[in-house]
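> Protein sequence lines, in the order shown, are assigned to chains A and B.
First residue of the first sequence: 1, per our numbering; consecutive thereafter.
First residue of the second sequence: 1001, per our numbering; consecutive thereafter.
Simulated from the structure, these hints should not be mistaken for laboratory data.
Fair warning: there could be bad hints in the mix.
Said to hold, decoys possible - Below 25 Å or equal to it, Euclidean Cα-Cα: the simulated BS3-like pairs (lysine-lysine) are:
| no. | chain 1 | residue 1 | chain 2 | residue 2 |
| --- | --- | --- | --- | --- |
| 1 | B | K1276 | A | K52 |
| 2 | B | K1243 | A | K91 |
| 3 | B | K1030 | B | K1139 |
| 4 | A | K91 | B | K1276 |
| 5 | B | K1241 | A | K91 |
| 6 | A | K52 | B | K1030 |
To be verified - Where chain B lies over chain A, by a calculated footprint (3+ residues, C-beta under 8 Å):
| no. | segment |
| --- | --- |
| 7 | 33-47 |
| 8 | 91-105 |
Being a predicted model, the structure only gives us computed values, none of them experimental.
Yeah, the Cβ is synthetic: ideal placement off N, Cα and C, and Gly gets one too.
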Amino acid sequence: MIESKVLNALTSTLVLAAGASFPLHAQTAQPYQGVVGRTLAESKEWWPEPVKAPDGAPNVIWILIDDVGFGAAGTFGGLIQTPTFDNLANKGLRYTNFHTTAVCAPTRAALLTGRNSASVHESGFSHTVLSAGFPGWDGRVPSSAGTIAEILRQNGYNTFAVGKYGVTPDEDATDAGPFDRWLPEKALTTSSASLVRRPTNTSRTWWKIRLMCVRMAAT
Amino acid sequence: MEDQAHVRPDGRHLSDQITDKSISYIDRQKKAAPEKPFFLYYAPGATHAPHQVDRYWCDLYKGKFDKGWDAYREEVFERQKKLGVIPADAKLPERNPDIKAWDKLTPEEQKLYARFMEVYAGYLTYTDFEIGRLVNHLKEIGQLDNTLIFISIGDNGASKEGTLSGDVDRALWDKHLTEAENISYNLKKIGEIGTPAATEGNYPLGWAQAANTPFKFWKSDANSEGGTHNPLIVYWPKGIKEKGGIRTQYSHVIDILPTTLDLVGVQAPEEIRGIKQQPIEGTSLAYSIDDAKAPTRHTVQYYYIFGSRSIYDHGWKAELAYPNSFITGIETPPFDENAWELYNLNEDYTERIDLAKKYPEKLAALKAEFEEQAKSHHLYPYITFDDVWNGRIHRSKDSKSFIDAVKDITKAGENQ
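Using the sequences and the hints, build the whole thing.
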C-alpha cells in the first residue's frame, strides 16, 4: 500500500505536496497522505479521519456554584433545601473530603486547567488591582495550560460554557479585546446573557463585572 | 456577553437565562449531531452577593431561621453525622472570634439577621431549582443516563464579605458605619433584602459561619477548612455502579479535570494547537469511583490566598492565618509569620487542637515543604491583602488608589 503510494508520487509529473508540510486542517496534526498531481487523474484525494469521541463517551457537565459553605445545602446536612442535588447525590456519589483554593478566580483557573492556581498564573485574580507582574500572579492563564474544553474539543466534543468565567484580565474585557483570553479561545463556545454577574440589571459591585459569557452559536 | 460583545442585562435572573441558554445549546447540538457528546460548564453567579431572588423563594423560609445561627450549627452538625458526610468522632468548634451568641442579640437584630438568611436560603434553593430544570431536560430528551455530572457546591467557603451585621446596598467604599449604625441602617431597609434594590445584599458573618458548619472561618481563609472544604457530587448513571455512596478520599479542585479525562477515556495531550502543555497536576479520582476504601492518592496540597496559607500532607496540616480587620472593622493583631498552627485532621477533623507546640519538628518539616511547594509552583513572592489594599502591586505612574481603581471598574461595568 505504502509502496504504491510512493510509486504514484514518483510517476507524477509534478508532485506539489505530500507529507507533513501541508496540514489539511488547522486542528489536525495528521500529515497529508494524498497525492497532488498536475491533473486530477494523476492525483489521489485524502481526507483526515474525522475526530471522534471515544465510543459511548458520556456528555459531561461541570457545575460550579459560587460562595457556598459546606453546611448550607441539605444534601450535605444543611438546612437549605436542594432537592436536585439530593437526587443526583443519591444516585451518584458524595465526595466529602473535597477542597477548593479558598477563593473564586484561583479555584476557577485550577478547575479549568487541572493545575494549581499558581502554576497557571492565577494565585490572585485577573483583575488589575489584584494581579501583579510575576509568573504566578499576572492573572494571564497561559496557553500551555489548556482547559478541559480545549482537550475535549480536540477529542470530538462540542464544548460550551454559561455563567461566570472570572479569569479574563480586566484590560482585555472590553469590546476591543484582545480576545485570546476570552472563553471561545479557551474552546468554550460561550454564550450569554449579561456581562455582570449580577442577577438583575441593577448591578453595581466591582468584583462582579465582566464575568458572564453566553453566546448562541457553537464553534 | 454575547458574540464577543458586551450586552445589557435584560432584567431576568441570570440563573434563569443561563439555564435557558444551556438547554437551547444542548438541543441544537443534539439535533445536528445526536451521537456527538457535549461538554457544558455551568457556573452561575449564585450564590455570590448580591443575594437577589424572587420573593417566592425567600418566603419558603419565613420563620425557619428564627432559632438563630448557634442552633443552626448544632442541628446541621448532627445531620451531617447522621448522613455520614463528616466523621463520627468530629467535634463542633466554638464560634469564631467576634461572632456573638444568637441569644445575646437584641430582638431587632435577630429579626434582621433571620431575614438575611431566609433570602440566602431562597437564593440557594432557587439555584438548585434552575439546575433541576437542566437535569430534567436531559432526562426528557433521553440524555441523562449517559451524562457525567460534577457539582462543586461552592468555589470556596461561605462569604465573609457581608460584615458582622449584613449588607443591603452599601458598597466597599461607602462611609464606614459603626456596627450600631449599620444595624439601624439595615433595619430601615429590611424590606429590600433580596430585591434588586439590595445591590450588595449579603448575610452577616454569623450566618456565614453557620453555613460553613462544621468548619472554622470563611472564604479567602486558605489556612482553614472553612475556606477550602466544599461538597462535591459526582453523578453518572451509566458509569457509576454505586448509588448514594460516600467517598472520603482527600481531593482538590485540580482533580476534576484528570478524573473527567479518565472516565471519558481521553488522554491529556502533549500539545494543544502546537503549544507544548505543562503537566496536569491534579490526581484522577477514577480509582475511587468503584472503591470506597481505596487509599487516598492526592496526599499533598498547598493553599495560599493573599497571606493566609496552609499545607496538607497525609492528614497533617500546617497553617498560617492572615488576620485583617477589613471586613469586621475590629482591630486584629499584626500579621505574625511565625504564628503557624498544626493539626492532625485524621483525628481532629475540624481543626480544634493546635499541636504546633507539641510537635515542633513536624511543624518545621511541613513549613519547609510549604516553601518547596511555593517555589515549584511559582507562588513567590508572597503577596498579601495588605499589599493589595495599599496599592503596592500592579503599579504604574498613572495608577490610582485601590478603592479608586475599584470604582472605575464598577463604572465600566455599568456602561457596558
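> Against each hint, give a clear statement of whether it holds in the structure.
Hint check:
1. B:K1276 x A:K52: holds, 22 Å
2. B:K1243 x A:K91: Distance of about 4 Å is within 25 Å: holds.
3. B:K1030 x B:K1139: holds, 14 Å
4. A:K91 x B:K1276: violated, 39 Å
5. B:K1241 x A:K91: Holds. K1241 of chain B to K91 of chain A sits at ~9 Å (cutoff 25 Å).
6. A:K52 x B:K1030: holds, 15 Å
7. 33-47: violated (count 0)
8. 91-105: holds (count 14)
Checked against the numbered hints above, the structure violates hints 4, 7; every other hint is satisfied.
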